[in-house]
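Chemist: Could you put the whole structure together from the sequences, leaning on the hints where they help?
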Amino acid sequence: MIREWMKVVNHQQIAFQTYLLELQGEISTLVERPGQFVHVQVSDQFFLRRPVSIADVSPVKGTITLLYKVMGEGTEALTKKAVGDKVDIVGPGGNGFPVEQEKGEEALLIGGGIGIPPLYYLGKQLVANGINVKSVLGYRSKAELFYVEEFNALGEVQITTNDGSVGEKGFVTDALPHLESIDAYYTCGPSIMLKNVKEKLDGVPGYISIEERMGCGIGACFACVLETSESCDKGYVRVCSDGPVFRPGEVIL
Amino acid sequence: MIREWMKVVNHQQIAFQTYLLELQGEISTLVERPGQFVHVQVSDQFFLRRPVSIADVSPVKGTITLLYKVMGEGTEALTKKAVGDKVDIVGPGGNGFPVEQEKGEEALLIGGGIGIPPLYYLGKQLVANGINVKSVLGYRSKAELFYVEEFNALGEVQITTNDGSVGEKGFVTDALPHLESIDAYYTCGPSIMLKNVKEKLDGVPGYISIEERMGCGIGACFACVLETSESCDKGYVRVCSDGPVFRPGEVIL
Amino acid sequence: MTEISVRLPGLDLKNPVMPASGCFGFGKEFSQFYDLSELGAIIIKAATGAKRFGNQTPRVAETASGMLNAIGLQNPGVDGIIEHELPFLHPYNTPIIANVAGSTLEEYAEVANKLSNGSVQALELNISCPNVKEGGVQFGTDPELAYEVTQEVKKQTDLPVYVKLSPNVTDIVSLAKAVEQAGADGLSMINTLTGMRIDPRSRKPIIANQTGGLSGPAIKPIAIRMIHQVYKEVNIPIIGMGGIETADDIIEYLLAGANAVAIGSANFKNPNICKELIEQLPDALEKYGFTSVQEAVGGAHD
Amino acid sequence: MTEISVRLPGLDLKNPVMPASGCFGFGKEFSQFYDLSELGAIIIKAATGAKRFGNQTPRVAETASGMLNAIGLQNPGVDGIIEHELPFLHPYNTPIIANVAGSTLEEYAEVANKLSNGSVQALELNISCPNVKEGGVQFGTDPELAYEVTQEVKKQTDLPVYVKLSPNVTDIVSLAKAVEQAGADGLSMINTLTGMRIDPRSRKPIIANQTGGLSGPAIKPIAIRMIHQVYKEVNIPIIGMGGIETADDIIEYLLAGANAVAIGSANFKNPNICKELIEQLPDALEKYGFTSVQEAVGGAHD
Ligand SMILES: Cc1cc2nc3c(=O)[nH]c(=O)nc-3n(C[C@H](O)[C@H](O)[C@H](O)COP(=O)(O)OP(=O)(O)OC[C@H]3O[C@@H](n4cnc5c(N)ncnc54)[C@H](O)[C@@H]3O)c2cc1C
Ligand SMILES: Cc1cc2nc3c(=O)[nH]c(=O)nc-3n(C[C@H](O)[C@H](O)[C@H](O)COP(=O)(O)OP(=O)(O)OC[C@H]3O[C@@H](n4cnc5c(N)ncnc54)[C@H](O)[C@@H]3O)c2cc1C
Ligand SMILES: Cc1cc2nc3c(=O)[nH]c(=O)nc-3n(C[C@H](O)[C@H](O)[C@H](O)COP(=O)(O)O)c2cc1C
Ligand SMILES: Cc1cc2nc3c(=O)[nH]c(=O)nc-3n(C[C@H](O)[C@H](O)[C@H](O)COP(=O)(O)O)c2cc1C
Ligand code: FES
Ligand code: FES
Numbered sequence: 001m002i003r004e005w006m007k008v009v010n011h012q013q014i015a016f017q018t019y020l021l022e023l024q025g026e027i028s029t030l031v032e033r034p035g036q037f038v039h040v041q042v043s044d045q046f047f048l049r050r051p052v053s054i055a056d057v058s059p060v061k062g063t064i065t066l067l068y069k070v071m072g073e074g075t076e077a078l079t080k081k082a083v084g085d086k087v088d089i090v091g092p093g094g095n096g097f098p099v100e101q102e103k104g105e106e107a108l109l110i111g112g113g114i115g116i117p118p119l120y121y122l123g124k125q126l127v128a129n130g131i132n133v134k135s136v137l138g139y140r141s142k143a144e145l146f147y148v149e150e151f152n153a154l155g156e157v158q159i160t161t162n163d164g165s166v167g168e169k170g171f172v173t174d175a176l177p178h179l180e181s182i183d184a185y186y187t188c189g190p191s192i193m194l195k196n197v198k199e200k201l202d203g204v205p206g207y208i209s210i211e212e213r214m215g216c217g218i219g220a221c222f223a224c225v226l227e228t229s230e231s232c233d234k235g236y237v238r239v240c241s242d243g244p245v246f247r248p249g250e251v252i253l
Numbered sequence: 001m002i003r004e005w006m007k008v009v010n011h012q013q014i015a016f017q018t019y020l021l022e023l024q025g026e027i028s029t030l031v032e033r034p035g036q037f038v039h040v041q042v043s044d045q046f047f048l049r050r051p052v053s054i055a056d057v058s059p060v061k062g063t064i065t066l067l068y069k070v071m072g073e074g075t076e077a078l079t080k081k082a083v084g085d086k087v088d089i090v091g092p093g094g095n096g097f098p099v100e101q102e103k104g105e106e107a108l109l110i111g112g113g114i115g116i117p118p119l120y121y122l123g124k125q126l127v128a129n130g131i132n133v134k135s136v137l138g139y140r141s142k143a144e145l146f147y148v149e150e151f152n153a154l155g156e157v158q159i160t161t162n163d164g165s166v167g168e169k170g171f172v173t174d175a176l177p178h179l180e181s182i183d184a185y186y187t188c189g190p191s192i193m194l195k196n197v198k199e200k201l202d203g204v205p206g207y208i209s210i211e212e213r214m215g216c217g218i219g220a221c222f223a224c225v226l227e228t229s230e231s232c233d234k235g236y237v238r239v240c241s242d243g244p245v246f247r248p249g250e251v252i253l
Numbered sequence: 001m002t003e004i005s006v007r008l009p010g011l012d013l014k015n016p017v018m019p020a021s022g023c024f025g026f027g028k029e030f031s032q033f034y035d036l037s038e039l040g041a042i043i044i045k046a047a048t049g050a051k052r053f054g055n056q057t058p059r060v061a062e063t064a065s066g067m068l069n070a071i072g073l074q075n076p077g078v079d080g081i082i083e084h085e086l087p088f089l090h091p092y093n094t095p096i097i098a099n100v101a102g103s104t105l106e107e108y109a110e111v112a113n114k115l116s117n118g119s120v121q122a123l124e125l126n127i128s129c130p131n132v133k134e135g136g137v138q139f140g141t142d143p144e145l146a147y148e149v150t151q152e153v154k155k156q157t158d159l160p161v162y163v164k165l166s167p168n169v170t171d172i173v174s175l176a177k178a179v180e181q182a183g184a185d186g187l188s189m190i191n192t193l194t195g196m197r198i199d200p201r202s203r204k205p206i207i208a209n210q211t212g213g214l215s216g217p218a219i220k221p222i223a224i225r226m227i228h229q230v231y232k233e234v235n236i237p238i239i240g241m242g243g244i245e246t247a248d249d250i251i252e253y254l255l256a257g258a259n260a261v262a263i264g265s266a267n268f269k270n271p272n273i274c275k276e277l278i279e280q281l282p283d284a285l286e287k288y289g290f291t292s293v294q295e296a297v298g299g300a301h302d
Numbered sequence: 001m002t003e004i005s006v007r008l009p010g011l012d013l014k015n016p017v018m019p020a021s022g023c024f025g026f027g028k029e030f031s032q033f034y035d036l037s038e039l040g041a042i043i044i045k046a047a048t049g050a051k052r053f054g055n056q057t058p059r060v061a062e063t064a065s066g067m068l069n070a071i072g073l074q075n076p077g078v079d080g081i082i083e084h085e086l087p088f089l090h091p092y093n094t095p096i097i098a099n100v101a102g103s104t105l106e107e108y109a110e111v112a113n114k115l116s117n118g119s120v121q122a123l124e125l126n127i128s129c130p131n132v133k134e135g136g137v138q139f140g141t142d143p144e145l146a147y148e149v150t151q152e153v154k155k156q157t158d159l160p161v162y163v164k165l166s167p168n169v170t171d172i173v174s175l176a177k178a179v180e181q182a183g184a185d186g187l188s189m190i191n192t193l194t195g196m197r198i199d200p201r202s203r204k205p206i207i208a209n210q211t212g213g214l215s216g217p218a219i220k221p222i223a224i225r226m227i228h229q230v231y232k233e234v235n236i237p238i239i240g241m242g243g244i245e246t247a248d249d250i251i252e253y254l255l256a257g258a259n260a261v262a263i264g265s266a267n268f269k270n271p272n273i274c275k276e277l278i279e280q281l282p283d284a285l286e287k288y289g290f291t292s293v294q295e296a297v298g299g300a301h302d
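Those sequence lines, one after another, are chains A, B, C and D.
At position 241 of the first sequence the residue is numbered 241 (full-length UniProt numbering), and the sequence of numbers has no breaks.
At position 234 of the second sequence the residue is numbered 234 (full-length UniProt numbering), and the sequence of numbers has no breaks.
At position 117 of the third sequence the residue is numbered 117 (full-length UniProt numbering), and the sequence of numbers has no breaks.
At position 26 of the fourth sequence the residue is numbered 26 (full-length UniProt numbering), and the sequence of numbers has no breaks.
Hints are computed from structural coordinates only; laboratory data are not their basis.
Possibly wrong hints are sitting among the right ones.
Here are the computed lysine-lysine pairs in the DSBU-like style, where the Cα-Cα straight-line distance is at most 35 Å [claimed, not checked]:
| # | chain 1 | residue 1 | chain 2 | residue 2 |
| --- | --- | --- | --- | --- |
| 1 | A | Lys80 | D | Lys275 |
| 2 | C | Lys287 | A | Lys142 |
| 3 | A | Lys234 | D | Lys28 |
| 4 | B | Lys198 | C | Lys204 |
Where chain B lies over chain C, by a calculated footprint (3+ residues, C-beta under 8 Å) [what the hints assert, rightly or not]:
| # | region |
| --- | --- |
| 5 | 16 to 25 |
| 6 | 29 to 42 |
Between beta-carbon pairs, the in silico distance windows are [as the list claims (entries may be wrong)]:
| # | chain 1 | residue 1 | chain 2 | residue 2 | range |
| --- | --- | --- | --- | --- | --- |
| 7 | D | Gln56 | C | Thr291 | 29 to 35 Å |
| 8 | A | Ile2 | B | Lys142 | 44 to 50 Å |
| 9 | D | Glu148 | A | Arg247 | 44 to 50 Å |
Beta carbons are placed, not taken as given, at the ideal position from N, Cα and C, and that holds for glycine.
Modeler: Here it is as structure tokens:
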């Protein structure tokens, strides 16, 4: 992990309040797994960094791609960065999703809203490893759809929206495919969604990516701690460094 | 006095750490006298505004000109404003220099360093009123010279520098012209200079522009108060609203 | 229609926003920027018995998200204020709250008494000014002294008395309870925190008085915490202040337990701030699902 | 050559810069960014008798020029720290200062005693943690309790004891004097100020524990003021902290009266901050005319 001023090479709005930010720098060469994140210092005006998942990596361009949604002052200010600007980034952080399934197995990606981004880089890697990928992506409404094309290129995609303006009306859990065919699932999204997915897919091997407010983002401050469910010796895990990806049985949601 | 986002129409370095900043907006139409100042909000990162004198006004362009020197973080950050940017300004503030001399009289402008700017707009107005203007301008060194041409266009100019790299070596008080001919003097600069000028020109009618750290800049907070020397009823004046220009006998320097 | 009027003891406010004492002088300067009748109330600069010149300059210094000030209670004295300053404010349709200061019990009593001649609508008892050598802050850090001065002032006046508390204490609740018992009609929270900045060039404190009072957004979390603590323990209303710059900040104060708010040093950044926040408040309340100011008060308590 | 080494009771520091307790874990994570041997010392996360999970999340919130935290002294317990955490740090050429916390006098004594087995070079006695329900901060707000716990810990150890003071008090000087009399070898100033933020959407405090400790540049003027006050009144050295982000900040602390400094939450913004400040310090000292750190200490006092 390093701290680096990365260069903005692409920055555009891709959906309602949703932006794609492509950053060039050494950090792109240090990414080890999908599901890792970077810690973004938006500007001197913000005391804390913002964690944002790595949605894609381009070894050729030496870039990482972030997909972020405007949720408050920090992400709002982030939208002001222009191509050519330098952004203060610490990363890559955390342990991401394992990509250890066997060739020919079925993987199910379940993403909700701004939890979708890390699943894209994951899906690309799974497909590259010969795994069959299906995706269920939940959005609030049609205006918020992003990266549907990209996920379509990886395999079958099922869309849900809260208002039914596109795809199935409802939540991702209403649109899960036949589960018999699934060898493993990978999910990221709001905590209520993660909870429901975990219950519904009980028994299927899975990986859950969790959000928590962070201080250091590197494992030193104990801000982002979760209680572990089993008789894990430590009794806790840090989302930033032990996660953000956990096994469903590992943590209390 | 109003608060306004003024537009940067010209911004350039004119000497060592010295910049010219021309701002367009309604405030330019509200300036009543030379020696008034504007209160500049450099950016959200600074809690207090910075007072800067109005060095010139162009009614044609609808602009005011500021000449400022980098003295700390605020003025350093100010150098980053680009043409087209908007800057948050409150002004025009304070009571400036009176321009009440009789046609044909002699006026002496005595400026030290970054106290020189307000004297330029003053000089222009005095000349327009038919008063003969002489200037004594003190700088630290040759690299810091600015607006010498401009003052030359108003009348005779005597330069002093601390290191003698141009003009007379020493302070402005070492280079004052024959005082018999002077009907009034106008001075602005570091407080030690003002003190010396006041002593040396004792008896000559004069006007002194004073700097003090400010809070509100409009007369409400009592941050910038000076004790008055005579039996002035109130016992104090506010630099921002009663000044920044005072009669030498009025205040204790 | 979002209802932003607020009733406090002795004060009918058309909105809960007022400038804080010492940050608005006696109103005259700000009347160039907008009509002062738009304000919920005006809290004027501290009044003492005799006129005071205050501290040496520099009296202000900038800090991260805040500022230090050590004005030292400069004011024309209570008689001067009544005679020369208040008449300017009387034509405006907004209540005046006078900030009462002093070095001794007698001085507080005298000032409170004189101001009770009809020139103002309420008193704010300043037992928390950190910038004067004697008096002021001792009254604000010792519950017994705070009780005494509040009781004495209450004897001198029929006006509602809001006691302004100092945050420079170990136990804000005991201070709040003491002045409530002494008859305070309300609380003003908070005054500034004592701070210092040193200039590495001169190797001296920047402020001539050495220490000054810290205000601005830097202290907002401390004010919110103290109001949240005190709200649970007293039955008198609270005027909240400290670092307010946005309508969201006001809502945070209301939720913590303030019934109204005062805007201090933000007036220096933006001379129109009070007016702008009053305009923005109804929308902000609505955004968070409130139909009135009153509905939000104390909303962060279970 | 600017001399930046510093001698404190029981500690020979190659420079006066160390990470503050709780902001650097037990060092491991930051060792990815630079060689920990460059640090003047390392103050590790608080140790309690038994292991603690700490508070519910969210545990942090952002504020203007600062942050709130309510970790709640999460730590593996003193035995776990000695066994599993300290061995990683021992190979580095930098003294370790252990932060000692507890809920009772006995717990403080136990933790201090166990840490005196040679695993660390000094103790920082944390009587000022605002984020735990019982213990901690009471010891830090009452001079008698502070005296008692300091004396007890001194009995348990031969290591130098630096007592970490809470700024949430009316009179910091009486606290400082009490612990000096009890035998403290030095002071650490300051811990965080208790604060709160409320989210207008949820209408609840953002931090699950409701209140949290405020750190960052927002509190620097308060820390500088307290160190300036205490420096005049005690004869033991001070480790200064609170909002340090630049080499100029360090010089401000030295001038106020600190002999060394700790960097806390700035480590989260810039994981390289300690190393960078150590590199910048000699030039900064020189710029202001100092030939050593020692020369600047207390320079703002007449
Ligand atoms: C591991 C991880 C990966 C993430 N990946 C993405 C992503 O790819 N795209 C995306 O849009 N968002 C992502 N988020 C959420 C993102 O961090 C928040 O939306 C963002 O921090 C909000 O900042 P703000 O200033 O706009 O909001 P504000 O609410 O103003 O932020 C205030 C504070 O709360 C923190 N905060 C607020 N919401 C969250 C949250 N959900 N998680 C953690 N901290 C929060 C902020 O970081 C900041 O410190 C991720 C979060 C985590 C923990
Ligand atoms: C009436 C008036 C007119 C002025 N006109 C000019 C001008 O035309 N050109 C110019 O270059 N400078 C002028 N100054 C000085 C200018 O205000 C300061 O140089 C500037 O505020 C320094 O800000 P900083 O952030 O760079 O320095 P810092 O030292 O970092 O500032 C810290 C704080 O101190 C205040 N401060 C520092 N120096 C001064 C000072 N000399 N006077 C008042 N406040 C100060 C700042 O405003 C700020 O609040 C004038 C000052 C006054 C009072
Ligand atoms: C320049 C200045 C002068 C002040 N004078 C007074 C005063 O005379 N009486 C008083 O009770 N409070 C005084 N205060 C404190 C404010 O009223 C207010 O309590 C404090 O500044 C916190 O609010 P803020 O952060 O919005 O400024 C003063 C504050 C400032 C900045
Ligand atoms: C996340 C966090 C955890 C902390 N934990 C401790 C602790 O365990 N023990 C302690 O004495 N101080 C603790 N502190 C306080 C710091 O050591 C320091 O005193 C304070 O943060 C002020 O310094 P700063 O402004 O540089 O952060 C903690 C601070 C933060 C931000
Ligand atoms: S954010 Fe600091 S440990 Fe995870
Ligand atoms: S700066 Fe406020 S009165 Fe002059």
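Chemist: Would you mind marking each hint as holding or not holding in the structure?
Modeler: Checked hints:
1. A:Lys80 x D:Lys275: 31 Å, holds
2. C:Lys287 x A:Lys142: This hinted pair holds, its Cα atoms lying about 24 Å apart.
3. A:Lys234 x D:Lys28: Holds - the C-alpha atoms of lysine 28 (chain D) and lysine 234 (chain A) are around 17 Å apart, at most 35 Å.
4. B:Lys198 x C:Lys204: OK: lysine 198 (chain B) and lysine 204 (chain C) at ~28 Å, within 35 Å.
5. 16 to 25: As far as the region 16 to 25 of chain C goes, the hint holds, because 4 residues have Cβ atoms under 8 Å from chain B.
6. 29 to 42: holds (count 4)
7. D:Gln56 x C:Thr291: 29 to 35 Å: This hint holds: roughly 32 Å between Cβ atoms.
8. A:Ile2 x B:Lys142: 44 to 50 Å: 45 Å, holds
9. D:Glu148 x A:Arg247: 44 to 50 Å: 48 Å, holds
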